[in-house]
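Chain C is already provided as a structure; the job is to place chains R, D and V on it using the hints.
Spelled out from the first residue to the last, the chains are:
Number of protein chains: 4
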Amino acid sequence: MLVVMNHDATREQIARVVELIEEMGYQARPMPGAQRTSVGLVGNDGRVDGSRLEALDGVADVIHVSKPYKQVSREWRPENTLVTIAPGVVFGGAQIPIIAGPCSVESAEQIVLAAQQVREAGGAALRGGAYKPRSSPYSFQGLGPKGLELLALARSETGLPIVTEALDDEGAHLVAEVADCIQIGARNMQNYSLLRTVGRIGKPVLLKRGMSATITDLLMSAEYILAEGNSQVILCERGIRSFDPSTRNLFDLTAIPLVQKLSHLPMVADPSHGTGLRDKVLPMGRAAIAAGADGLLVEMHPNPERALSDGGQSLHPEQFVRLVREARAIAEAIGRSITPAPSPAREGSPPARPGRQ
Amino acid sequence: MLVVMNHDATREQIARVVELIEEMGYQARPMPGAQRTSVGLVGNDGRVDGSRLEALDGVADVIHVSKPYKQVSREWRPENTLVTIAPGVVFGGAQIPIIAGPCSVESAEQIVLAAQQVREAGGAALRGGAYKPRSSPYSFQGLGPKGLELLALARSETGLPIVTEALDDEGAHLVAEVADCIQIGARNMQNYSLLRTVGRIGKPVLLKRGMSATITDLLMSAEYILAEGNSQVILCERGIRSFDPSTRNLFDLTAIPLVQKLSHLPMVADPSHGTGLRDKVLPMGRAAIAAGADGLLVEMHPNPERALSDGGQSLHPEQFVRLVREARAIAEAIGRSITPAPSPAREGSPPARPGRQ
Amino acid sequence: MLVVMNHDATREQIARVVELIEEMGYQARPMPGAQRTSVGLVGNDGRVDGSRLEALDGVADVIHVSKPYKQVSREWRPENTLVTIAPGVVFGGAQIPIIAGPCSVESAEQIVLAAQQVREAGGAALRGGAYKPRSSPYSFQGLGPKGLELLALARSETGLPIVTEALDDEGAHLVAEVADCIQIGARNMQNYSLLRTVGRIGKPVLLKRGMSATITDLLMSAEYILAEGNSQVILCERGIRSFDPSTRNLFDLTAIPLVQKLSHLPMVADPSHGTGLRDKVLPMGRAAIAAGADGLLVEMHPNPERALSDGGQSLHPEQFVRLVREARAIAEAIGRSITPAPSPAREGSPPARPGRQ
Amino acid sequence: MLVVMNHDATREQIARVVELIEEMGYQARPMPGAQRTSVGLVGNDGRVDGSRLEALDGVADVIHVSKPYKQVSREWRPENTLVTIAPGVVFGGAQIPIIAGPCSVESAEQIVLAAQQVREAGGAALRGGAYKPRSSPYSFQGLGPKGLELLALARSETGLPIVTEALDDEGAHLVAEVADCIQIGARNMQNYSLLRTVGRIGKPVLLKRGMSATITDLLMSAEYILAEGNSQVILCERGIRSFDPSTRNLFDLTAIPLVQKLSHLPMVADPSHGTGLRDKVLPMGRAAIAAGADGLLVEMHPNPERALSDGGQSLHPEQFVRLVREARAIAEAIGRSITPAPSPAREGSPPARPGRQ
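Residue numbers (my numbering), protein chains in the order written: chain C, 1 to 357; chain R, 1 to 357; chain D, 1 to 357; chain V, 1 to 357.
Just chain C, same shape as in the assembly (with noise of 0.2 angstroms):
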């Protein structure tokens, strides 16, 4: 951490900077310059709240040389983490896992066609969402526990892992018993009663970032879940807000590589949010796959004109396998694979699922 002083900073400025860093039991460099003098905290091992010398007189600037987060590091770790959802769905390895599936679920029939649909095409994960945090409180707000049944219902008839959203601390708790992994929203990223909730349950999350979030809000977000001992945590760009309506939000795929290279962690890309027009979410996911993402979260609705939510942005089942087909080519070309859909459940049993915890 650097104190940046005024131009003008006093001697006794200066000392109180020194002595204040001294107090909070770090070293303290002042480093007089042409136009300034900074001083420069060492030891700092990220957890230096600068706020305190902020506060001081004369103080200009406070400004952190170290990163505010620890455990998400790859300083901290350097092998990547593998996050495994389901026998043979890991993110974070060579293989790329495809997750897809509508944005609600809306029924028995439609949820288990669109799960047969993201299989047949070649998607490892089933998505569909029983909570739905929606902007108007007059619009539909999900089946609640009735969906995550219906989740559950296709995963037995498909064999693909679930991936669905929690809202709250209660409904966090219903989505565990049912889900293979745990999604916070966008909207949620900074909810850190949330955070520490799914922490301690321990499954795998995902974590979207949040439409302001900065690379370091969401790796600093991600910090409480594995501040609770949950290392399972696989993050995701899904677009954030920018100037330009011509797309819902701004899909920056350049957070892949500068979250892999900054954490351990797995970074997937959600380009059906990301772009929010359907017609983008191919060259899109390709796009995601080439920048090196470990995984693609996709919009599919076995009719989307039907769609009781974000029926504009979700593929038609047969662009869903173009999709895959695409996304296959792109990740070759590079060296990786996609991962197969996981071998169905076999009749008369439960879907094996022991990874799930």
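Read the hints as simulated data drawn from the structure, not as lab findings.
In this text, a Cβ means the ideal position worked out from N, Cα and C, and glycines have one as well.
So the derived list for chain D, only partly shown, Cβ under 7 angstroms to chain C, looks like this: (1) L2; (2) V4; (3) G33; (4) S38; (5) N44; (6) R241.
If you want the ones that stay clear, here's a sample from chain C, every Cβ over 10 angstroms from chain R, calculated: (7) A34; (8) V178; (9) R336.
Frame of chain C, contents of chains R, D and V only:
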């Protein structure tokens, strides 16, 4: 709602749009243009979910003409809503209350002293966090229930009503037992579960704008609270994300007259988070009043150098005195006034707060 | 300047950084930390180009501690620069001039009437475009040289000095023959060729902030003008790009005290472009004064419905009267005043403008 | 175009809107709704200036249904425009040219060596700045005319066509004498005077997206060039401003398929400026190809540590070799190919560039 068709949309595609609009219970009005056909949806009461229409083939865009919110709209209720958090402390009228206090409650001495300083300077309510949303899991997270007790103590000593933040459903109930107004922070602006909870509790709510929330998003979040039957909602501008690192956030003062035109709810401003810089709080607090703010929310600490959080943006007590004085001059210049501090608690009896429930 | 090394930077990589800093003629001060080593560059006079250091192996980041600008800095010149565009019309002092007029010069009747209305209401200078930068090549582009003639006519009729925009080098010389202050628009803020030209011409310049310019970018662009020997520069906040379509731009009023702290140059505000909405010009003009603006730039049209450009954000004359009245009240509340209109031109003689060159 | 009236607009106000639309030569179609009336403007050929309508009393909003651009639109010309900058170096077809070279031309040795390395690695054109727009007036501004001479030398040595930037009208004519394609940089994207000049010169133009330009803004700027009769325009995504300081810019790859759908012009990508980080150029260059880019523009320097500008984002020559190899693999995966380097210049004769004019 206007459904804009592609340049080369077929007659069948247009017919399908008309049909779906009628299925949804509204009237369709096709409007052939020089370049493309649009189809108007007539009869929208603000609750139409456009995503089904977006999903149709041949649709280029769905343009929302009606606002998606309803009960928060000034079209729904033309006169200002007055939100009373304590006798004489009313938001939305000609008088402008100033809420001030430290970022976090740290000790009995600190919060009582802060409350006395706020009161003496002319503040009308006390703020201070017992539960703090911090981006790092390793930063000070607030004193929790003990902090709430200390806030109650500060109120009994000074008569100032309390505004403090709740982070989750459980916390909201604890906060509601003590606070005169429950604050929902920027990171939780779209935590719909929490919004519903405070809607049901029924106490006044101060809802802060999220870091990447549009004005529409903010009003939609307020709609969640009103939809539960609680119209005692104060909105708050506190800075949004922007590309310039010169300030912590970009303080969007135009949001004040915008919200006041669109909604009947009071809109206050937080120049401390809005700028993140102590020496900008004074000019931007003045500017907020000049723009028409219905209140100010300001961080002040008896000793900012010793603050456990946000020290760098907290005013010194004497700076707060000056802020109130200058705010008063601006308020008078535009025909308003600053709400005086409420009567102090009488000795030997609990402070009178009949308006609290 | 601080060169932050990677966690795993080798001793040789650090040595190379030290060596290059010394080659560049500065002192290097390595600072080993708990997580990584940083190397301070001491002696930076604000002209070090960090890109050579960024290019070295093992370098994670180059952090600029010194500001990249020089002559515009308040550290270079502590007292305010006063910019005089006509006798008695001075920017940067206690008096605050209001510049107003139509977006475009349209006819002799229109511009002379507008000038009379500005003058009567209490404006101190006339604005109006003879050259208009329009996003469409098919929109009205201004009257060109004829427009400049009409501005001169309006000045001779009212005595108001003229502020008008130049779009390119050739136009800058034409504008300079007539205008009292040459405006550089937001789109040309980084047109360095044009900045150098107006720097050499030597007349007062009003430089508008670009739509995505940081405060540092704005000051660097002003530095181009000062580097040519012209310190008569007025800076202008006019709104920046943001994600919320509620307003045309996001009016960043905090930029006013920020710039005034960093630089000795005056800083004015344009609430017309800053908001893009006529009914927001009044509150935001007041807010700009309260934030400390050294002037206002406002669009007013004798008949906005007939305006050839920007009619939707132009004030009606009677709204402008109210703006000046309210600005005056705010200015007085903070111990400043609004500059009165200059003395009218005497009949039979050209208007006296001895301060013009 | 749709004119949305206020909730409480009077019958007279609506009638005035209808009247003005008819005065402007179009048809008005009023559409009363549940909440408010809208008035459709029928017959808009893309040239209607909505600001006159915005200025009318009772108007809440003017919504543009038609696109404001015309000649650049794919609705105007359905098939791709092919832009040929040298024999065999064509943008907009199945083959994808890679343009590479240093940020600035520094010396004969540097630029000739760079050109040879580009050629050997498989690049199809040479980039390098003779005129550099630098944010500081004290930074290296390019060699000017001498730099153009050196670019011509590099072309005669290698046969690679030249892409180089012009900063102003005078420079554009000088650049046009040497370059095969004139680059307009991001800062000049809305320098309409310069756009008109290069439109009239008639040589191929590479137009970079401005830092805060929407897709519509970019297309409108291209429209300026086409409106002068020059349709040889290549568009370029190079990163936009965002709130996350992790990267210099935010590389918006979705802009590629967006532009390609809206326009017939080719769209290339610059991952060097798009990310500002050398180690992100490789993955994001691959991603750009996968997203459908019609070309790449990449900074490569024979010795980045010695570069006078942008060293930190320039590839080492061996990294560029790898980029071309991986780009080729991705291109093949999507059924395209990388344009091979053009035939080298024959000894004793000037390089054949029949396609240049």
